[in-house]
Amino acid sequence: MKLTRREFSAGLAAGLAAPALMRSAWAQGATIKIGMCVPVTGPAAEQGLWAQNGAKLALAAVNKAGGVLGKQVELVIEDDQTTNPGIVLAFSKLAAQSDIVAFLGSIRSTQVQAMAPDVIKVGKPVMIGGTNPDLTHSGNPWLFRFRPNDNYSGRVIADFGVNTLGKKKWAIVHSTDAFGTAGGKALTEALTKLGAPPVLDQGYANQSQDFTPVVLAVKQSGADVLGTYFTFENDLGIFARQLRQLGVNIPWVGSPSVVAVSSTKLAGPALFGTYGVADFAEDSSDAAKAFGKAYRDAYKTAPDNQSAWPYDAITILSAAINKAGSTDPNKIRDAILATQKFAGAEGEYNFDKNGDGLHGYNVVKNDKGKIVYDKHIDFND
Amino acid sequence: MDLVLQLLFTGIGIGAVYALVALGFVLIFRATNVVNFAQGEFSMVAAYLMVVFSVDLGWPYWLSFLIALAGMALFGVIFNLGVYYPLRNRTYLPVIIATIGASILLSNSVLAIYGPQPQVLQGWFDTPGIQLGPVYLDSQYLLIIAVTILLVLFNFWFFEKTLLGKKLQATSQDKEMASLLGISVSTMIMITFIYSAVLGGLAGILVAPVLFVSIQMGSTIALKAFAATIIGGFGDVAGAIVGGLALGVIETFGAAYVSVPYKDGFAFLVLIAFLVFRPQGIFGERVAEKA
Numbered sequence: 001m002k003l004t005r006r007e008f009s010a011g012l013a014a015g016l017a018a019p020a021l022m023r024s025a026w027a028q029g030a031t032i033k034i035g036m037c038v039p040v041t042g043p044a045a046e047q048g049l050w051a052q053n054g055a056k057l058a059l060a061a062v063n064k065a066g067g068v069l070g071k072q073v074e075l076v077i078e079d080d081q082t083t084n085p086g087i088v089l090a091f092s093k094l095a096a097q098s099d100i101v102a103f104l105g106s107i108r109s110t111q112v113q114a115m116a117p118d119v120i121k122v123g124k125p126v127m128i129g130g131t132n133p134d135l136t137h138s139g140n141p142w143l144f145r146f147r148p149n150d151n152y153s154g155r156v157i158a159d160f161g162v163n164t165l166g167k168k169k170w171a172i173v174h175s176t177d178a179f180g181t182a183g184g185k186a187l188t189e190a191l192t193k194l195g196a197p198p199v200l201d202q203g204y205a206n207q208s209q210d211f212t213p214v215v216l217a218v219k220q221s222g223a224d225v226l227g228t229y230f231t232f233e234n235d236l237g238i239f240a241r242q243l244r245q246l247g248v249n250i251p252w253v254g255s256p257s258v259v260a261v262s263s264t265k266l267a268g269p270a271l272f273g274t275y276g277v278a279d280f281a282e283d284s285s286d287a288a289k290a291f292g293k294a295y296r297d298a299y300k301t302a303p304d305n306q307s308a309w310p311y312d313a314i315t316i317l318s319a320a321i322n323k324a325g326s327t328d329p330n331k332i333r334d335a336i337l338a339t340q341k342f343a344g345a346e347g348e349y350n351f352d353k354n355g356d357g358l359h360g361y362n363v364v365k366n367d368k369g370k371i372v373y374d375k376h377i378d379f380n381d
Numbered sequence: 382m383d384l385v386l387q388l389l390f391t392g393i394g395i396g397a398v399y400a401l402v403a404l405g406f407v408l409i410f411r412a413t414n415v416v417n418f419a420q421g422e423f424s425m426v427a428a429y430l431m432v433v434f435s436v437d438l439g440w441p442y443w444l445s446f447l448i449a450l451a452g453m454a455l456f457g458v459i460f461n462l463g464v465y466y467p468l469r470n471r472t473y474l475p476v477i478i479a480t481i482g483a484s485i486l487l488s489n490s491v492l493a494i495y496g497p498q499p500q501v502l503q504g505w506f507d508t509p510g511i512q513l514g515p516v517y518l519d520s521q522y523l524l525i526i527a528v529t530i531l532l533v534l535f536n537f538w539f540f541e542k543t544l545l546g547k548k549l550q551a552t553s554q555d556k557e558m559a560s561l562l563g564i565s566v567s568t569m570i571m572i573t574f575i576y577s578a579v580l581g582g583l584a585g586i587l588v589a590p591v592l593f594v595s596i597q598m599g600s601t602i603a604l605k606a607f608a609a610t611i612i613g614g615f616g617d618v619a620g621a622i623v624g625g626l627a628l629g630v631i632e633t634f635g636a637a638y639v640s641v642p643y644k645d646g647f648a649f650l651v652l653i654a655f656l657v658f659r660p661q662g663i664f665g666e667r668v669a670e671k672a
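Chain order of the listed sequences is A and B. Numbering of the first sequence is given in our numbering, commencing with residue 1 and proceeding in unit increments. Numbering of the second sequence is given in our numbering, commencing with residue 382 and proceeding in unit increments.
In isolation and in its complexed conformation, chain A is listed as follows (with noise of 0.2 angstroms):
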């Protein structure tokens, strides 16, 4: 038999393309499409790939359990590239899928943010790990957030301090980016309302290489304890051996990066003695044990909020799509906010109206070098 040139391309072309049609024909109706945008590539790809790591733990878990609606689960990953017109791009292509029913997003606030407009636009449920309180204060109905927002932490940060560490004169150390600003913001309005408006209020450039003045105000403001934002672990860590040296050792109370572990590396025995709020503890409930060691039986290594609020985004979107009866955009939102004491890794999800699923952190301390889980403190407004 001979082959004309014409028989012979579309032949190729049917070729190619029969695998492609025959994958979509098969997708169709077998499976349940959940997109995923995250860093692969860029600065922060090796968080990225715990972010998969909890989701695709929570899949696994979803699928063995019978699925959704009858079906398995299915997660479509596009990178974001660590960068905002990265996700953008990548949420495009995963919206350009029809038969993907909803998509987690990112934890940077900023990327968040990047991508917002088109969400509204693709009006499907996107999960995210954020913590801007603008997320999903801003009218936008289609964000759900899996970790708690930037109000609470500067609230349970100053609630800890007052309350439960008794103290009253606070000075607060804060970087003067965005997120810094913002903290400090909250944590002066938090403690005004509790009547210990702060005696000091102080801002630094990140990246800075010393923080001799910022400790001798520290010093000289006579405060009894110490509230901080810090952007980057570095910056913590020479400001916390600064303060060590020069004799200063209130107690000290902050945002997330005092208990991080890069942090209690590089700072070392600086940091003992302080207090964090952190999204994720592992001893905080019976949930975040229970994912730990799945976690750990899965990856041999230990989770973090990294990790576990893309895992709990699967199992309750999962869980409310099964609710909801139905791959509706609107039926499954409706069934997301109607979640209520859902015992996550994170925390007791307890969704409002806003789409805010957590209204608290926990409280975690640095036992020479360790960190363990200390309280939870949750507000109900």
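Because the hints were derived from the structure by calculation, they are not lab data. Being a predicted model, the structure only gives us computed values, none of them experimental. Some hints here could point you the wrong way.
[What the hints assert, rightly or not] Now the stretches of chain B that chain A is said to cover, found in silico as 3 or more residues with beta-carbon under 8 angstroms:
(1) 382 to 390
(2) 490 to 503
(3) 585 to 597
(4) 633 to 639
(5) 642 to 651
[What the hints assert, rightly or not] Non-contacting residues of chain A with respect to chain B, defined by C-beta distances greater than 10 angstroms in every case (computed):
(6) V76
(7) I120
(8) N163
(9) G166
(10) T188
(11) R241
(12) Q340
(13) F342
(14) N350
Positions of the beta carbon are idealized from the N, C-alpha and C atoms, including for glycine.
Given the coordinates of chain A, work out where chain B should sit on it, guided by the hints.
Positioned in the frame of chain A, the structure of chain B alone reads:
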């Protein structure tokens, strides 16, 4: 008064760091008339070498230190052959761009190998510091200040009293004349790059226990060191030292008495003031004589 003394010590300590890196800038500028924008990355690379030898491989500190400096000497050779030498007959612009390219390549290569998390490097001494009356003296800063003083003396002796130093000076003043006198210009430039890489590396290793080892550690110091070089008078060894120390002290006092968030602002305000009122820097006249 206690406060002033404490701030002065810290200012001089951090200023000495700027001075060490500024010295590397000046040496290469004098030899090649080009600003090496990868100078900060020299410090960063050396600090990571230290982490590899002393932390990852667990070798003794002094041995790791010597090997890291030897590694930096080799690095200087490679940098010269890879970045400067192929462009040596072009104008200064392609060379400057090449050093910027090298800086990006270096920091991203280290990022790819080591990841973004900062690393810890122990200091030389077991005691973190000593309390002298009301002032706390950090032992690593004391070491940095001592090394800076020694290097000033060494540089003076090397450039003024040894034949090699005089050959280097001759090359930096007039390459054509130097080569007419039988000095191998390319060898002298090679030696300058080696010396500069070792100096930058030394600064990186000394400062690493204080600032931690991170990808950005070089670029943040180098920016200040660059300002220090301009304040001191570009191309002048003493100027780099004085400029560095002055910058460290000014920004520390500015932060303490005026505003902490604008600490970096003071450094650059001083820089702008110098560029406007005394562009040749503190020791500028000697540069003018040279030209």
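Outcome of the hint check:
Residues of the segment 382 to 390 of chain B with a Cβ under 8 angstroms from some Cβ of chain A number 3, which satisfies the need for three, so the listed coverage holds. Beta-carbon proximity to chain A at under 8 angstroms applies to 6 residues in the segment 490 to 503 of chain B; the threshold of 3 is reached and the given coverage holds. Counting residues of the segment 585 to 597 of chain B whose beta carbon lies closer than 8 angstroms to any beta carbon of chain A gives 5, which meets the minimum of three for the stated coverage. Here the segment 633 to 639 of chain B counts 3 residues with a CB under 8 angstroms from a CB of chain A, which clears the bar of 3, and the coverage holds.
Only residues whose C-beta sits within less than 8 angstroms of a C-beta in chain A count toward coverage, and the segment 642 to 651 of chain B has 4 of them, enough to reach three; the restraint holds. The claim that V76 of chain A is not at the interface with chain B holds, since no C-beta of that chain comes within 10 angstroms of its own (minimum 27 angstroms). Non-interface status of I120 of chain A relative to chain B is upheld: no Cβ of that chain comes within 10 angstroms, the nearest being about 32 angstroms off. Remark: the non-interface label on N163 of chain A is consistent with the geometry, its nearest Cβ contact in chain B lying 30 angstroms away (cut-off 10 angstroms).
For G166 of chain A, the shortest C-beta to C-beta distance to chain B comes to about 29 angstroms, beyond the 10 angstroms cut-off, and the non-interface label holds. In this structure T188 of chain A is separated from chain B by more than 10 angstroms, as the shortest Cβ-Cβ distance comes to about 16 angstroms. The claim that R241 of chain A lies off the interface is violated: its Cβ sits roughly 8 angstroms from the closest Cβ of chain B, which falls inside the 10 angstroms cut-off. Against chain B, the non-interface label of Q340 of chain A holds: every CB pair exceeds 10 angstroms, the least being about 38 angstroms.
Every CB of chain B is more than 10 angstroms from the CB of F342 of chain A (nearest about 33 angstroms), matching its label as outside the interface. Against chain B, the non-interface label of N350 of chain A holds: every CB pair exceeds 10 angstroms, the least being about 34 angstroms.
The structure does not agree with numbered hint 11 stated previously, though it agrees with all others.
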